[in-house]
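Please work from the sequences and hints to get the whole structure.
Below are the chains, spelled out letter by letter.
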Amino acid sequence: MQNLGIIFRRELMGYFATPLAYVFIVIFLITNGIFTFDLGGFYARGQADLMPFFSFHPWLYLFMVPAIAMALWADERKTGTIELLLTLPVRLSDAVLGKFLAAWALTGLALLLTFPIWITVNYLGDPDNGVIVAGYIGSWFMAGAYLAIGSCLSACTRNPVIAFILTVSICFLFVIMGSPVLLNAFPDWMPQGIIDAVAALGFLTHFDAIAKGVLDIRDVLYFSVFIAAWLLASAIVIEIKKAN
Amino acid sequence: MIEIRNLTRKFDQVVAVDDLSFEVREGEVLGFLGPNGAGKSTTMKVITGFLAPSAGSVTIDGFDIGGKPLEAKALIGYLPEGAPCYGDMTTLEFLRFIARIRGFRGEEAERRIAGVMGDVALESVAHQTIETLSKGFKRRVGLAQAILHDPKVLILDEPTDGLDPNQKNHVRELIRNLAKDKIVVVSTHILEEVTAVCTRAIIIDEGRIVADGTPAELEARSRYHQAVELRLVGEVDLAAELAEVAEIAGVEQDPADNASFTILSRGKPIFARVSQLAQQRQWPVEEFHVRRGQLEDVFRTVTEGAAGNQAAAETGAAASH
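Which chain is which? The protein sequence lines are A and B, in order.
Numbering of the first sequence is given in this note's numbering, commencing with residue 1 and proceeding in unit increments.
Numbering of the second sequence is given in this note's numbering, commencing with residue 245 and proceeding in unit increments.
Treat the hints with care, since some could be wrong.
Said to hold, decoys possible - DSSO-like mimics (lysine-lysine), calculated; alpha carbons at most 27 Å apart, straight line: (1) A:78 <-> A:241; (2) B:426 <-> B:396; (3) A:242 <-> B:412; (4) B:379 <-> A:242; (5) B:412 <-> B:426; (6) B:254 <-> A:241; (7) B:379 <-> A:212; (8) B:426 <-> A:78; (9) B:379 <-> A:78; (10) B:396 <-> B:312.
Hints listed in this document are in silico derivations from the structure and should not be mistaken for laboratory results.
Encoded structure:
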């Protein structure tokens, strides 16, 4: 447990030792602003809520989060530090979790720094702040799901660019799983149960509910289990692939 | 004590380490030798718990590296091949990270960090990020992290690779000083290093032990052990003259210098006998000295014939990447 904290700190320090964290946060804030105010029609809607802000997050994360996740393990393998890390008296689970939590904390920080939007909406109107808090929590959990996929795929290769492309692809699959575009593409003879199951696995199904202010325990559980499963897969992949 | 029992490690179909068994005791500095691709690094990776063995076991002071990895790893200091370190950290930050993982806090941690930075002369680069350091400094940062917790077992994969002669000397001295009550395993392909620091040497080839002994014992296995070298200024048919002498195994002429000869012994000292003959028969001797066996000769003899196979294995490995 102690080692988890030490690895977490080292990783987080690593993000801020290079321009990575700053670039990520700045670009995240700028794109969020463009999406919300320009494309989302924040003012035109005339509603005091953050729906336009949150509804773009699945698409924003699709490119931003894999950029953080791609280096998680691929870099360790490329530079050989994985051999150093895993021969220290450290559990593999501590290493996997510590790295994941550091990256998740970075996305959390970027998300928190969007607070001027929250101030704006409170200045202009009288929003339901409970809904907004639920939206933030849901968005953060969804970012964690993207990161967990990224952690696993980053462990598959020593090339961060390949890890990035793979992560974007798999994340995209999970985003569109719950969208009508994909669900309508299923042939009519497909049993409704399967279509529902596919939809239930998608990010959007769970995130939309949270973004609307319904913080259902099942949606939070979905993201938690999803993250845990992909992190477990990361540990297994690392164990298998570290030899080559 | 390190006990390695019937250790085998396979990569897909390639057997990198093949049924290896040996022990290393406190106070021993074991030189681990072998051609490239012989299985040195793989063996070290298994001993340090990075790779799991395909078969067999490794125990460090009674802790099985598979069964009790945290306890075993706590006893080990390891410098992996190429001395990988986190390049985005400064030397000091990196050593602080290692100290924390090794369980040191506060003053104790700072005291140890200052100690190892002094040992390997890193003070001047304490606040530089590691990726900006020269190869020699990086290697020393790697060494510093390996010895920070004063480990009982020190495993160093090519510790002097990339260092200049002064630094090499310094590292060898460091290893000798550290070795007192510890177990040190050093892999290298610099043979002079073995003679300089090791109390024991194991030569492995194709994953198997082909020689094991003190450097002196191994040198004794050289065909040039106890041989006598002569340089003559006139014509003497040495082979014929020495043919009937029982202790002498043969005579070799130096292909580069026709006047130089090496008289091979059958293992016993022949200096006195040859010297006596030279006086009796009035050979026109210009130079005359005893050769020590060279580890290099032994190395070449015991790993001979493997070169072809190894080239094939390397091509195979390259293709699979």
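Status of the hints after comparison with the structure:
1. Between residue 78 of chain A and residue 241 of chain A the alpha-carbon distance is near 12 Å, which keeps this suggested pair within the 27 Å criterion.
2. For the suggested pair residue 426 of chain B and residue 396 of chain B, the alpha carbons sit about 5 Å apart, so the restraint of at most 27 Å is met.
3. Distance hint between residue 242 of chain A and residue 412 of chain B is unfulfilled; the C-alpha atoms sit about 30 Å from each other, more than 27 Å.
4. Between the alpha carbons of residue 379 of chain B and residue 242 of chain A the distance comes to roughly 25 Å, so the proposed pair stays at or under 27 Å and holds.
5. Simply put, residue 412 of chain B and residue 426 of chain B have alpha-carbon atoms about 21 Å apart, close enough for the 27 Å limit, and the pair holds.
6. For the suggested pair residue 254 of chain B and residue 241 of chain A, the alpha carbons sit about 14 Å apart, so the restraint of at most 27 Å is met.
7. Straight-line distance between C-alpha atoms of residue 379 of chain B and residue 212 of chain A comes to about 56 Å, which puts the hinted pair past the 27 Å bound.
8. Distance check on the hinted pair: residue 426 of chain B and residue 78 of chain A sit about 32 Å apart at the alpha-carbon level, beyond 27 Å; violated.
9. A hinted pair counts as satisfied when its Cα atoms are at most 27 Å apart, and residue 379 of chain B with residue 78 of chain A qualifies at roughly 17 Å.
10. With a C-alpha separation of about 16 Å, the suggested pair residue 396 of chain B and residue 312 of chain B falls inside the 27 Å cut-off, and the hint holds.
Violated hints, listed in ascending order, are 3, 7 and 8; each of the other numbered hints is respected by the structure.
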